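So the protein lines, in turn, are chains A and B.
Read left to right, the first sequence gives residues 1 to 404 (the UniProt record's numbering).
Read left to right, the second sequence gives residues 1 to 476 (the UniProt record's numbering).
Keep in mind the hints are simulated off the structure, nothing from the lab.
Treat the hints with care, since some could be wrong.
[Said to hold, decoys possible] If you only want the chain A side, here are some residues facing chain B, beta carbon under 7 Å, derived: (1) 49; (2) 222; (3) 323; (4) 327; (5) 333; (6) 342; (7) 348; (8) 351; (9) 352; (10) 354.
All figures in this text were calculated on a predicted structure; none of them were measured in a lab.
Beta carbons: idealized from backbone N, C-alpha and C, even for Gly.
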Amino acid sequence: MSTQAIESLSEDTVRRIADERDEPEWLRQTRLDALAALETAELPDVIQTPGRRWTDLEALDFEALVDPLNQADETERTAGDDEVVVLPFTEALAEYGDVIEANFGSVLDPEHNYLTALSVALFTTGTFVYVPEGVDVEDVTVRAEMNSRSLFSQTLVVAEESSSVTILESIKTGESEVADDRYFSNLVEVVAGENANVQFGSLQNLDTDSYTYSLKRAVTDTYATVDWIESNFGSKLTRSDIETELDGDGSESQIVGTFFGTDDQHFDINARVWHQAEQTTADLVTRGVLDDVARSVYEGVQDVGEDAWNTSSYQRENTLMLSDDAEADASPKLIIHNHDTEASHSATVGQVDAEDLFYLESRSIDSRTARNMLVEGFFVPVLEEIAVDEFRDDVEDLVVERLQ
Amino acid sequence: MSSQQDDLKETDTEARFEFKKEEKSAFKSEKGLTEETVRVISEDKDEPEWMLERRLRALEQFQEMPMPTDWPGQPDLSEIDIDEIVPYIRPDIDVRGGAESWEDLPEEIQDTFDKLGIPEAEKNALSGVGAQYESEIVYQNMQERWEEKGVIFCDMDKAVRDHEEIVREHFMTKCVPPSDNKFAALHGAIWSGGSFVYVPENTTVEMPIQAYFRMNSEGMGQFEHTLIIAEEGSEVHYIEGCSAPKYSAFNLHSGGVEVFVGEDAHVQYSTVQNWSKNTYNLNTKRAIAEKGGRMEWISGSMGSKATMLYPSTILKGRGASDNHITIAFAGEGQDIDTGAKVYHNAPETKSTVESKSIAKDGGRTNYRGLVHIADGAENSSTAVECDALMFDNESTSDTMPYMEINESKVDVAHEATVGKIGDEDIFYLQSRGLDDDDAKQMIVSGFIEPITEELPIEYAVELNRLVELEMEGSLG
């Protein structure tokens, strides 16, 4: 099945985006190649079980949603240290063009699928983060507001040898009035050099007229660590893929995911790790809450390659259902090609524990408050993983807000 | 252990499964699948018109459906060529519908089953034995006291004629319709043989009912149908065993099993499968459990080139329950893709799945399972546990579960682990005088003990014997 063509899209559109930003030839060509790839590229894989498709990406009307020449955003960036580079993607090209050219697309193939090709062809915003060798920096923040029908963002993080950085990237809907639905696409590439340490936190809280696509990918060098924190609270439909390739011996990755769905929100959350080298470690943790008629869909993949000796790989996914009409689907997968592996995964779905409720109510706490306390408690294990204080506070606030 | 004893041991265990008899049949259909083939099968079996009509409709469905090609990580089915299959062979015996005593069978058929130990097993413990040789039940027996209680155990061909009303109502209608999947449609078109079990209300069959299937001719398919109806408050344990000798051409096994578990009834269905390494084993097995009904699937998958087998239960009535215990063993060139499917369609339903797999010499095991909890199935619970053991770096072990939860008042848990045989465990056993081979065999036997405990002695013995056979030479 080929995805619908977007008739309003043409090479002229792409050239104009590149010209307005005075982009180098290699990037213009990359955009044009991505545009051409749209003819054959497929939408992201969606799980199919007998009689049932878990997410209907085919229903998205890209002709209506994609408005490439009117993209608008307001983004505020802070660097916790003057030794780290935190720049708008377009500005960074002037001074760091060589580094960007060398790393762009090395981790995330622009033609990975239809949605990545669309995003690479059309992106107008995003951030370049560069951490020089040996530099240790905390609290890099990128706070974006979306002010248009569609917005395509490209983020590239390059962490050199023995560097360390924590990054928070957030997106919400701005004040401008846009009638009808919106589409936000966010691609993130993390290149983690030898012994580098990257924590990348993401907070998505777009309004419920939005569709969000997000693919964040990392490749780890020897002894490197990449930890992801993926928080989704907004959007009508969210498709999120977080992926790490553990290419270096002794490298590690943790993927922490949270979501809280209300009304008719649909979250399609995926976490994947590939163990490609010796003594690698992965830990995937996802906690979600569903209320009203919200729906969550989860796929977690732990893939251990033939050369991945002495692998440790773990995965836990837990969903709490507050409503009888909510729906939760999950598919944790283990793909093991090297026997020198300790791997496990688990998944649970349930409701607020009746005994816990009873105990709190017996202490004169009313039923509603008791339930809310238990839901906040449910998120504690993932909140503890968030190193950025500001980020942790934001997530806590959003949970409380949804419990009112 | 002396080398002479080693040779003797190997001869004994190998000989058990490797013999074959010269093919001799009274009727053999042409290769390939056409409407004419189906009509000939139906006519030869003297079937009523409605069964022929169903076969022809299933044939149409088979021809319309595509081969499965896009399941994640599915076994390679490209070698299967339906036109090369001989769907129907009836053995040359005088008594149609099965012999009533052992001595009535032709000598060479007796000899085949003597080697498999069927008569001794029957004499010692079993309620009855239905052995399927080629496409037709050639030996049927049921102990007299169960016949007096109204328990029916006969071959499926006979059931179509003698118990037409109840078979017509249940056969490939609600439980496994031909439209379910391509191989169910194939099965519906050319099924042959198998067992029919009917247990009246409040009747308990204390000893297991056993059927044993065997494929002996090169290139033939095996399409037996098992239909079990356990009425309200009844209880029955059915055992199915399979083995086939090696041939260079592929064989296709596409069986169908339908189990109707009545209100408060209890059915246990046990299988040990050891198809030869050139067999494609593509079964469809399903149960429907009414209120308070209890279904148990216990299966060991040891042989075949590729297996796709996912026993399924629809928990239709309040308080129904389903338990699965499976073991898969994949050696060189094998792809064993097994699992379980459970549909919780009513409140207070429960399911458990326990899966263990072992992969060595480049074999692949995959657990593929689906748990679906429907809207309204409140206070249901399910627990799934998958454990995999890998012997070496050429082997592969995958786990692919799917959970679909439409109801909030439920408890759902799934966990899986993959590991290797621990060097420490081996070292400890070796320090107690065991050699490497024996130590590993002991560890594997311990790994599968939760499953062998659920099987009758005869099957636990055979399963351990098969493990022993598979383990031999693993460190040669």
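Hints, one by one, checked against the model:
1. 49: Since chain B brings a Cβ to about 5 Å from residue 49 (chain A), closer than 7 Å, the hint holds.
2. 222: It is violated, given that the least Cβ distance between residue 222 (chain A) and chain B is near 22 Å, above 7 Å.
3. 323: holds (6 Å)
4. 327: Nearest chain B Cβ about 5 Å off; hint holds.
5. 333: holds (5 Å)
6. 342: Status holds, d = 6 Å.
7. 348: It holds, given that the least Cβ distance between residue 348 (chain A) and chain B is near 5 Å, below 7 Å.
8. 351: Result: holds, 5 Å to nearest chain B Cβ.
9. 352: Violated, because the Cβ-Cβ distance from residue 352 (chain A) to chain B comes to roughly 9 Å (cut-off 7 Å).
10. 354: Residue 354 (chain A) check fails; min Cβ-Cβ to chain B is 10 Å, beyond 7 Å.
Violation of the numbered hints given earlier is confined to hints 2, 9 and 10; the remaining hints are satisfied by the structure.
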